[in-house]
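Construct the entire structure; sequences and hints are all you get.
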Amino acid sequence: MGLKLFVIAALAFVIPREACAQGALPPPRSPLAAAPVDLTGYWVSLVTEDWRFRMVTSPKGDFTSVPLNAEGRKVAQAWDPAKDETSGQQCKAYGAPGLLRLPGRLHITWQGDNALRLDTDAGSQTRLFSFGPAQSRGGDWQGVSTATWDRPGSPMGFGFMLGPGAGAGQSGGSLKVVTTKLRPGYLRKNGVPYSADAVVTEYFDRFDVPGGDSLLVVSAEVNDPMYLLQPFWTSTHFKKQSDASGWNPTGCSAR
Amino acid sequence: MLGSMTENSMGSFRPHFFLLAGALVTAVTLFGQARPSPAIDFSGWWTSPFHEDSLERGAGPELVDYGGFPINEAARLFALSYDPSRVTLRHHQCDGYVAPYQVRAIGNSRAWEERDPHTQKLIAIHWYHQTFEGHRVIWMDGRPHPPAYAPHTWMGFSTGTFVGNALMVNTTHIKQGWLRRNGLPESDQATLVEFFVRHGDHITYTSVINDPVYLSEPSVRTTDLYRQPVDPNFWLFACDDGEQIIGRGPDQVPNFLFGQHPFLTEYADKYKLPLLGALGGAETMYPEYMTKLKTATEAEGMAETRPSQGPAETSRAVDPDPHDGEIHVWPVRRNVYMLVGDGGNVTVQVGDEGPLVVDSGTGQMAGKIIAAIRKLSDKPIQFLVNTSFHPDQTGGNVKLRESGSDPSVQGSFFSLQFVDAGVGATIMAHQNVANRMSAPTGKGAPTPAAGWPSDTYLKERRRTFHNDDDIQLFHEPNAITDGDSIVQFSRADIIATGDIFTTTQYPFIDRNNGGSVQGEIDALNDILNRTVYQHESEGGTLIVPGHGYLCDEHEVVEYRDMLVIIRDRVQALIKNGATLEQVKAAGVTADYDTRYGAATGPWTTDLFVEAVYTSLKQAPAKNAAQK
Chain Y
1 MGLKLFVIAA LAFVIPREAC AQGALPPPRS PLAAAPVDLT GYWVSLVTED
51 WRFRMVTSPK GDFTSVPLNA EGRKVAQAWD PAKDETSGQQ CKAYGAPGLL
101 RLPGRLHITW QGDNALRLDT DAGSQTRLFS FGPAQSRGGD WQGVSTATWD
151 RPGSPMGFGF MLGPGAGAGQ SGGSLKVVTT KLRPGYLRKN GVPYSADAVV
201 TEYFDRFDVP GGDSLLVVSA EVNDPMYLLQ PFWTSTHFKK QSDASGWNPT
251 GCSAR
Chain X
1 MLGSMTENSM GSFRPHFFLL AGALVTAVTL FGQARPSPAI DFSGWWTSPF
51 HEDSLERGAG PELVDYGGFP INEAARLFAL SYDPSRVTLR HHQCDGYVAP
101 YQVRAIGNSR AWEERDPHTQ KLIAIHWYHQ TFEGHRVIWM DGRPHPPAYA
151 PHTWMGFSTG TFVGNALMVN TTHIKQGWLR RNGLPESDQA TLVEFFVRHG
201 DHITYTSVIN DPVYLSEPSV RTTDLYRQPV DPNFWLFACD DGEQIIGRGP
251 DQVPNFLFGQ HPFLTEYADK YKLPLLGALG GAETMYPEYM TKLKTATEAE
301 GMAETRPSQG PAETSRAVDP DPHDGEIHVW PVRRNVYMLV GDGGNVTVQV
351 GDEGPLVVDS GTGQMAGKII AAIRKLSDKP IQFLVNTSFH PDQTGGNVKL
401 RESGSDPSVQ GSFFSLQFVD AGVGATIMAH QNVANRMSAP TGKGAPTPAA
451 GWPSDTYLKE RRRTFHNDDD IQLFHEPNAI TDGDSIVQFS RADIIATGDI
501 FTTTQYPFID RNNGGSVQGE IDALNDILNR TVYQHESEGG TLIVPGHGYL
551 CDEHEVVEYR DMLVIIRDRV QALIKNGATL EQVKAAGVTA DYDTRYGAAT
601 GPWTTDLFVE AVYTSLKQAP AKNAAQK
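Chains Y and X supply the protein sequences, listed in that same order. Letter 63 of the first sequence, counting from 1, is numbered 63 in the working numbering, and no numbers are missing. Letter 311 of the second sequence, counting from 1, is numbered 311 in the working numbering, and no numbers are missing.
Hints are computed from structural coordinates only; laboratory data are not their basis. From a predicted model like this one, the values you see are computed outputs, not experimental measurements. Beta carbons are placed, not taken as given, at the ideal position from N, Cα and C, and that holds for glycine. A few of these clues could be false.
[Stated by the list, open to error] The following label-pair restraints were derived from C-beta to C-beta distances:
hint, chain 1, residue 1, chain 2, residue 2, range
1, X, GLN582, Y, ASP213, 37 to 45 Å
2, Y, SER242, X, GLY60, 22 to 30 Å
3, X, PRO331, Y, ARG73, 55 to 63 Å
4, Y, ASP213, X, ASP241, 34 to 42 Å
What follows is the structure, given as structure tokens:
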């Protein structure tokens, strides 16, 4: 009897309520429809941390705070912006691991129902966060980014039983993005390196301050065994804009 | 326990377990329609990786590194006046960190939940931080924030709710502290909104500081924490103050005069930054400022290091008085209460011997004050102490004295102890208070005789033992007036300061009645000589100010510092031959006006500066700035 009760209860739980009302399982919802949070719009960076590393380009060899290993330090000490310019690599600091640390504005839009697109005016870069199969092979500055919605657990520790439909809608959650297959570049403009093996895991969270601004916070973890002793963690924040004010696309600058 | 169960015992366990699980699941489903945002468990040991602002958060920030902070002019000037040697002062050595700064500090943090043992409802989330042993309580049970006249602490008063995937926390009642520990201030008027979000073993912490006194826009910062799998076992941060600089006068507070910061350009020069950018401001947060940094001139930077011309700023602080026509009672400690609502604060001590009251308010609400005291004690008021003759402290004297009438005492031996025993409350004060309230024979007195002190003292101290506490009045000569007293309740460890200390305005130095800036500084130091903090410069001796919220020594220290610094500025200008008008034009209070300034009312900034100026001009400043 207990087992029957459990099965009934479990079924009642995992089948979404609207499906019960219609008498049929609903089709899977698209990432757009299932988005727990709206990240779209224009966002401006608030440069309130690492100010001198971000608002100006630090001198060669200043890699304070970045857990570089010996090889990483060696590469950083060899930074030569002129060489980057002549070799057409002035966008090395505009790759996914460092892009959002550069002061600028973001424009986030949906590209279809299955991918979020992030454009930056700094360096005029585009990142594509695909919820399905990757839409590029990578090997470029932005690499290949796969996206998922990361939702909070449920009360009483039953989050593992909620199923894919639970928590859908604007009830809160994070966008998780994992980026691989990168073209080697810089974590900071002064040549602090990351390699092609770097993996970037990011969480995009939106916080609405009561009576105040909406904030986009991007928590990033860069893993790069080639140049880093440990994961490099930063959190970067942006303020929501009501329009495209200040949007000022620029080219990459190596200096 | 489950691991030791036999097959049979598991067999008998299963049906019950599944029944329970099924019921729970069904309940969750049924009630899921209105499901609140799920609770997120932050319990565990956490540490920051320090991959952002590591220098600031570790060894400490460099001086005049304010870039990226949306500070206003007052904050910038405050920071430029800050001499790091200030932390050698006894009362600053153990200053804690304010809540938002605490999370960015070096060291370990531990979080745990407090749940009701019967219902398992979440009552609070606790955060303990190693640095300065900051213990934060985030109330999750929906309790309201305390009133504006309640005390402030380093951690403030925090309430939290789960919003989406985050814990959102609102914090008020924070002490004045550091926005960055190179002198950038965060005022006691700052409020805080925070978001804690957990991604596996990683917490991203977002803080949004609103500070009407020192910020022109909210200051937003984000901090990463990672989970420690085992107890790091580094939790203590002992601090006890001591003598660090021998020979420094008690009224010396290390500070730099405007425009004379000796390390003004050190940071900017070191990193080849324009000084203007290093001086911060809201504009320095935005991408457009990268362009400005390329064209900023030295002159533009230097212009930011002195007060700007134009009308002085005025206070943006919240008025702690409810102004609702009621008297509010705030328990201070033991048998002592603070009554708020009739202008000046009223301190009431109750017990078997009848209430002892410090100050009587303006008198406009004396009836309600008496009614409030009646709720605390059914005995007649025995003593009324006046800390000054000013109307905010004596306005209710007549009515409060009358309410101390006790016919049962009249004609008894007890009545021989005090001339007015049984007739009314005995009013105690320094003799100069009686002198100011009364008048020479044949002349009209400014106040009715029924409100005059009848028990006065002439020298430094009047003491009595009342309601199981030893109570001492200490004369503070030539502070606000020539008759000021502070009242110390030794066992309760409380000091009522009268208007020698307030949280609402610059000290009302009454030059016409014997007040002086040096006497006021000496009085504040005398208060500090009698205080002891409980932990990391907070708690311990509680201070009932003449006006404003209940404090401890930290607020008195900041107030003392302010007064010393302003004195030093005025003294330096006088030394250079400045007139009163030139002193006023120099903006000597520019870094404090957004907190205490007033352009209208009985005590304007101009009147305060004039009082400082005239008291320094007319009497050689004792222990004046040795610069």
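Hint numbers not upheld by this structure, sorted from lowest to highest
2
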